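**Q** Chain by chain, the residues run as shown.
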Amino acid sequence: MGLLPASTALAATAGEGCADCHQQMVNSFDTTFHAKIWKGMGEQHGCQACHGDTDAHVADPTMQNVLAYQAKGGSAVDELSAKCLACHDSDTHMSMWKMSQHSRNDVSCFNCHTMHATRGAVDQPTKCFTCHREIKVAVNKQSHHPIIENKIMCTDCHNTHGTATQHMIKEDTVNQLCYQCHAEKRGPFIWEHPPVEENCLICHSPHGSRHAKLLAEKIPNICQDCHDWSQHPGTPYDASRGFNGSSPNNRFFARSCLNCHGAIHGSANFNHTLRQ
Amino acid sequence: MKRRYISLIAAALLITPAYAMAADEAAVNGSVELGVRGVDDQDNSAKFQEYRDLDDGLIGNFLLDAYKGPYYFELQGDNIGLDDQDYWLKGGQYGKFKYKLNYDETPHNYSFDAKTFYSGVGTDTLSFSGAAPAPEANWNSFDYSIERKKYGGELEVSLGTPFFVKIGASRLETEGVKPLAGGDFGGTVEMPEPVDYQTNDLNLMAGYRSKTMNFTLTGLLSSFDNNNLYLNWENPFALATETSILPPENDYGKIGANLTMRELPFMSTFSLNGSYAKLEDDFSISDLTLTAPLALNQSTFDGEVIYTNLAAVLVSQPTRELDSRLYYRYADKENNSDIISYDNGLGTIESNATDLFDYSKDDAGIDLGYKLPWQSKAEIGYEYQYVDRHNRPDAANNTDNTVFLQLKNSLSEYVTAKLKYSHLERDTDTDFDLTGVTDTDAEYIAQFVQRYDATDKSRDEIKLSLEFYPLDTLDLGLDYSYIMNDYDEVVLGRTEDTRHHVYLDFLWHHFNFLNLGGFAGYETTDADADHYNFAAGSGVPPQLADPTVDDGNPSSYLWNQEIEDNFWTYGLSSQIRLLEDALKLVLSWEYQKSNGKSTFSSQGATPLLDLDAYDDYSKKRLEAKIVYAFSKQLDINLGYVFEKYTYKDLQYEGYDYTPNASTYLTGAYADYDYEANIAYLTVRYGF
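Protein chains in written order, with the working numbering: chain W, 12 to 287; chain A, 2 to 688.
It is worth saying that the hints were derived from the structure and are not from the lab. All values reported here derive from a predicted model rather than from experimental measurement. The beta carbon of each residue, even a glycine, is placed where N, CA and C say it ideally should be. Misleading hints may appear alongside valid ones.
Claimed, not checked - PhoX-like mimics (lysine-lysine), calculated; alpha carbons at most 25 angstroms apart, straight line:
| no. | chain 1 | residue 1 | chain 2 | residue 2 |
| --- | --- | --- | --- | --- |
| 1 | W | K47 | A | K69 |
| 2 | A | K150 | A | K179 |
| 3 | W | K138 | A | K585 |
| 4 | A | K362 | W | K162 |
| 5 | A | K594 | A | K649 |
| 6 | A | K212 | W | K94 |
| 7 | W | K224 | A | K179 |
| 8 | W | K138 | A | K409 |
| 9 | A | K621 | W | K224 |
Stated by the list, open to error - Chain W is nowhere near these chain A residues, computed Cβ spacing over 10 angstroms in every case:
| no. | residue |
| --- | --- |
| 10 | G39 |
| 11 | K116 |
| 12 | G123 |
| 13 | A241 |
| 14 | P374 |
| 15 | Y383 |
| 16 | G437 |
| 17 | S459 |
| 18 | Y504 |
| 19 | W509 |
| 20 | A583 |
| 21 | A625 |
| 22 | K626 |
I would like the entire structure built from these sequences, with the hints used as guidance.
**A** This is the structure in structure tokens:
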């Protein structure tokens, strides 16, 4: 293994002397994805390509004298991002970086990407969880999308490098995003359920929930919060309505409202009275 | 099992030529991991294997990277031969072209060993012999389970120019059985719905990119096919065949454009996005094997929905201290679907004219950030949103005004702190037409029901985030958030909900010997709702659909429900290097517990009984793994995992397949509890 000897990689720039202190980094430089890409494109770059002029750092080896990619004591986030963007700002997925919530909250490239790794891909979702603690907790709840099973990546739904949308989702609206995997819920239906059509997140918590089906609240409560009506929608369902209660009721036990209402996402039945 | 062996051999065959081809004058690395796994799950719970295939037998993964000159090739396979296997391959020539192929299988197991009196599970016809369902002991067993298989590919060509073209295609196949409701006031039947969907997508993208500008055009064609448009089932209460309608097939097309311009005056970047999408379907009543209701106006349905989106964003940094973001977003759903009408048999014409929903949203805002002394930054923002809805009389339109203030400080190199406060005021207009409706009609209550998703409300939100770096080897983090929604105009519906969330984590490195990490979280939610129990017009004096007056009938009464959810979790993980570069011990422990409770108060004569087990569960997971490296190329992994899940809920406690004379259930979601042990041994060879 090894495309260029370490000394050659450094000799292309004025960075000789880096290996004196950073021998491991220099020796493994050829195995990094950056080195592979540069070599593949016929370019030669050394430490200075990312770390800037190192002369002052060699003379006085403090982090203040070099572009240092680390949270504690590292260089200013703006400077670090600017250095990466010097090459990457025209990438299609990066074009809106400055509009991203990440950029505006002082997240820089190195917070997610390990520049000296052999592959460029970010270790999702682990890396995302280092900041998004509430999401880490959510995706581990009993009802969740298969994120911790590595079947759905954070970047399947979000463009972490910036979009014009809220929460940096990759589609124009939440529903259009969800329909990509749940095409059976697209419709068009003869009978529609307005909140379903407006925003899936009115009823569902997409990262995870303690309630089944990623619901934001338990059935029948989530239904009754909107459907107070004559007869059974306005009826209180208390502990007496369970299997072990004094008056078991199929509007409460097991799947509750869903025991009868099978088309809550919309119905294509010509006859509405059947509710199926 | 046979399939798994075949997959392992196929994977080996795939790697070998790629390795051989790439090995000549190229950089090649990768790994192959093979082993065996034993699983002890006596409960045979679907929840344990919800998205996983955890069976006894062989397991394997592989990874291969090859680079030769300007060309690269990456290949990866996980869970080879199992029902949750996935593979992907990437390659290309740097700066010229790149391609990607992928295949993924994901199971979704809902419930194992469900049972039904029907025959024909998985087909579009469910029937039973005789005049009544067989006794429960003779029911047929089946699994509620779905398998998704997705495969696709993508090719991007730029040939080293600023122009590029990307084309991608994918197919998602979804097959299995999931629970469906059937029945009416005469009786309810839970039954297996056949799932056999295919979604085919074709993506196109073309564009131009330079240092100062990106322009892209995108297109998507997507078709959804369903091999079961209906489910015919024999109603055991009516002793007649009924038809449930399953998701309709549809076609979706979308075009979009994006223009982003950088390096504009005041260090600005401007982006403009627009898209237009059309969703269509068409089917006839005969496609669905339905009998036409009386006076049906047409026997076919043409559905058409148009989505239009526009967004413009301008970010600037006119001075070193000041930055800004201005944005406007517009979203519109236009529903042009057919109006269907018929006589409901009671002499009334029913129509979907009031059910076809469309809306438009205008959303505009400005954020301003200013760098203050002492490594501080203040940010303020304002957002205006207006939503106009058709066929939503309870929320014909609403106006949201949101403001926020955020302060951040990182003066100390040991601490970064961020505090954000935001406030939302929502003003909603209704558009009821209650002409001719009196307070003995059920419809009269509509004006008193305010729905939490769109009704008037105010929301306060506080978020605090702290990152500590007390030592070079120790990171600590803390997040706290408080959210309070006050639905101040509500008569019936949710009146208030409050949330407190706290999260902590840490990571500590002790030289190369120990990595120790941990996290904890606590969430509590309180939601309060007012409701009205009544049967419009019935009894003496007649019950009124007006919760604000006393109709004198004790059968109509107001009641209140307060729901409290508590959730907490913690976890610890460690990596201990027992022998440097040779022996490593990995230990982790995770625990979570959820407690729900619902309390009632009522003006009715009969006290209501609180619900004290409401989505209560606990989940534990322990993993211990020893990794011994014989060399840099060869290591062996020996691991053990213990998982336990306990679920308690009054809606499922004492589960009964035939709880009363008007209900037949199948056991959907009734088998959650499990306790399982997993042991595995793998050998990994890296090259």
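**Q** Decide, holds or violated, for the assertion that all CB atoms of chain W are farther than 10 angstroms from the CB of G39 (chain A).
**A** Check passes; 20 angstroms lies beyond 10 angstroms.
**Q** Evaluate the condition: distance from the CB of K626 (chain A) to the nearest CB of chain W exceeds 10 angstroms.
**A** 16 angstroms, holds
**Q** Given the proposed pairing of K362 (chain A) with K162 (chain W), does the C-alpha separation stay at or below 25 angstroms?
**A** 33 angstroms, violated
**Q** Holds or violated: K224 (chain W) and K179 (chain A), Cα atoms, limit 25 angstroms.
**A** 13 angstroms, holds
**Q** Please work out if K212 (chain A) and K94 (chain W) have their alpha carbons no farther apart than 25 angstroms.
**A** 14 angstroms, holds
**Q** Can we trust that A241 (chain A) is non-interface, i.e. its beta-carbon lies farther than 10 angstroms from all of chain W?
**A** 12 angstroms, holds
**Q** Verify the proposed pairing of K621 (chain A) with K224 (chain W), using a straight-line Cα cut of 25 angstroms.
**A** With a Cα-Cα distance of about 21 angstroms, the restraint between K621 (chain A) and K224 (chain W) holds, given a limit of 25 angstroms.
**Q** Beyond 10 angstroms from chain W, beta-carbon-wise, is W509 (chain A)?
**A** The claim holds: W509 (chain A) sits with its nearest Cβ about 14 angstroms from chain W, beyond 10 angstroms.
**Q** With the threshold set at 25 angstroms, check whether the alpha-carbon distance from K138 (chain W) to K409 (chain A) stays at or below it.
**A** 22 angstroms, holds
**Q** Are all C-beta atoms of chain W more than 10 angstroms from that of G437 (chain A)?
**A** 17 angstroms, holds
**Q** Regarding the pair K150 (chain A) and K179 (chain A), is the alpha-carbon distance no greater than 25 angstroms?
**A** Satisfied, since the Cα-Cα distance of roughly 17 angstroms is no more than 25 angstroms.
**Q** Hint check: K138 (chain W) vs K585 (chain A), CA-CA at most 25 angstroms. Holds or violated?
**A** 22 angstroms, holds
Comparing the model with each earlier hint shows violations of hints 4 and 18; every other hint is respected.
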